[in-house]
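For the protein sequence lines, the chains are A and B, in the order given. My numbering runs 116 ahead of the 1-based position in the first sequence. My numbering runs 116 ahead of the 1-based position in the second sequence.
Treat the hints with care, as some may be off.
A pair holds if it fits inside one copy or across any two, identical chains being indistinguishable in the list.
Listed below are the simulated DMTMM-like cross-link pairs for lysine to aspartate or glutamate, each with C-alpha atoms no more than 25 Å apart in a straight line [unchecked claim]:
# : residue 1 : residue 2
1 : Lys250    : Glu323
2 : Lys314    : Asp293
3 : Lys314    : Asp131
4 : Lys273    : Asp186
Because the hints were derived from the structure by calculation, they are not lab data. Treat the numbers as computed from the prediction; the structure is a model and nothing was measured.
2 protein chains.
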Amino acid sequence: MKTIELNQPVTAANDKDAELLRASLSDSGLLLINLMSAAGSGKTTLLSRTIRDLKEKVNIGVMEADLASDVDALSIEALGARSIQVHTGGCCHMDAFMTGEALAEFDTTDLDLLFLENVGNLICPAEYDTGAHKNVMILSVPEGDDKPLKYPLMFEKSDVLLITKTDVLPYFDFDLDAVKERVLHLNPSIRIFPVSAKTGDGMDAWEAWLQGSLSAGEAHA
Amino acid sequence: MKTIELNQPVTAANDKDAELLRASLSDSGLLLINLMSAAGSGKTTLLSRTIRDLKEKVNIGVMEADLASDVDALSIEALGARSIQVHTGGCCHMDAFMTGEALAEFDTTDLDLLFLENVGNLICPAEYDTGAHKNVMILSVPEGDDKPLKYPLMFEKSDVLLITKTDVLPYFDFDLDAVKERVLHLNPSIRIFPVSAKTGDGMDAWEAWLQGSLSAGEAHA
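Based on the provided sequences and hints, a complete structural model is requested.
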């Protein structure tokens, strides 16, 4: 079998904007978490459950990036959390400049934690530093256990991997141990939390990590 | 809730290359089908089943586009079908120029039908005409029934929508009728086939469409 390489340069002009944005957020004591995944992996469902579980303890806001629709921001707003919908005009990822533009329009007063729900895409968002303090990614069980082999960059760039929809593990050929091994081979320092936002299984470990990041003052790092 | 628009130009310089490539394929009587979907929706599994079902009647080849790995082309080759692995060097989609480069390296002698398995991504591939005669997309049940609302372009650009993994419908909140209605609202002429490559349910209608496209001489259109 023949294999051919089509090399394309990837822009890195975004990195300086990201450093400035991150420093500015740290100064104001706001922790920004960039949440990435393929379309359909359940980012909004995971966020909704997290907000419901933590809202008495942590003031959480959400910036919902999407190509065109408002369905995700409406879901978050229905939970009583502050949210803003960002339309990327067809663009397949958020970068630091776009994140800064969205932040300039968003009232972050009294917020402890701000999620950027990136565009649903397992590839492009991993290439652009958004200025967030932490990158968190989702791999849902139905997507398959070969994803770390096929889309390594996002696994390499993430601080946390949430393996979601674990409630449907019995119905899919998904080898959880194999995924962990593949991911840790790419990124030995990543934290891995298998969760089901539907049943609540595993959510406590993920939420403890979030609260630990807040109390450790990650935003001031 | 506030909504802000971040407009970005989308390149269209690719269209002329695509027309030339399509004309050249038509001249040689080879039908090229561009298969698109999010990562993890089961493109390779669907193709593998299709090849197994049709290989006595149709000579099928596959160009597997991926960021870096060879796992999909190896799966296809194991079925005895001719395949080539295209590494996009991190690029999140195939365009007509890249498709032409891959074709130049691929022996298409005696092939009736060639699939381009595009990079797993529900967004960017829809923006680039690859030169294919038909666009076919996959939406798998676990991805959710809101995808036509959130990623409308691919649904608008596709001739066929395969709704896959229907065997797990009982385990997900997925309203098949709502999806059909949303998709037909975006694209009234799209053909929709619900299928399970695992059980074989619905594969006959999709395969009949493929054979119909071949015998109607779509490649010569």
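Verification of the hints:
1. Lys250 x Glu323: Close inside one copy (14 Å), not across copies (46 Å); limit 25 Å.
2. Lys314 x Asp293: For Lys314 and Asp293, the Cα distance is within 25 Å both inside one copy (22 Å) and across copies (23 Å).
3. Lys314 x Asp131: neither (36 Å within a copy, 44 Å between copies)
4. Lys273 x Asp186: Answer is between; shortest inter-copy Cα gap is 22 Å, intra-copy 28 Å.
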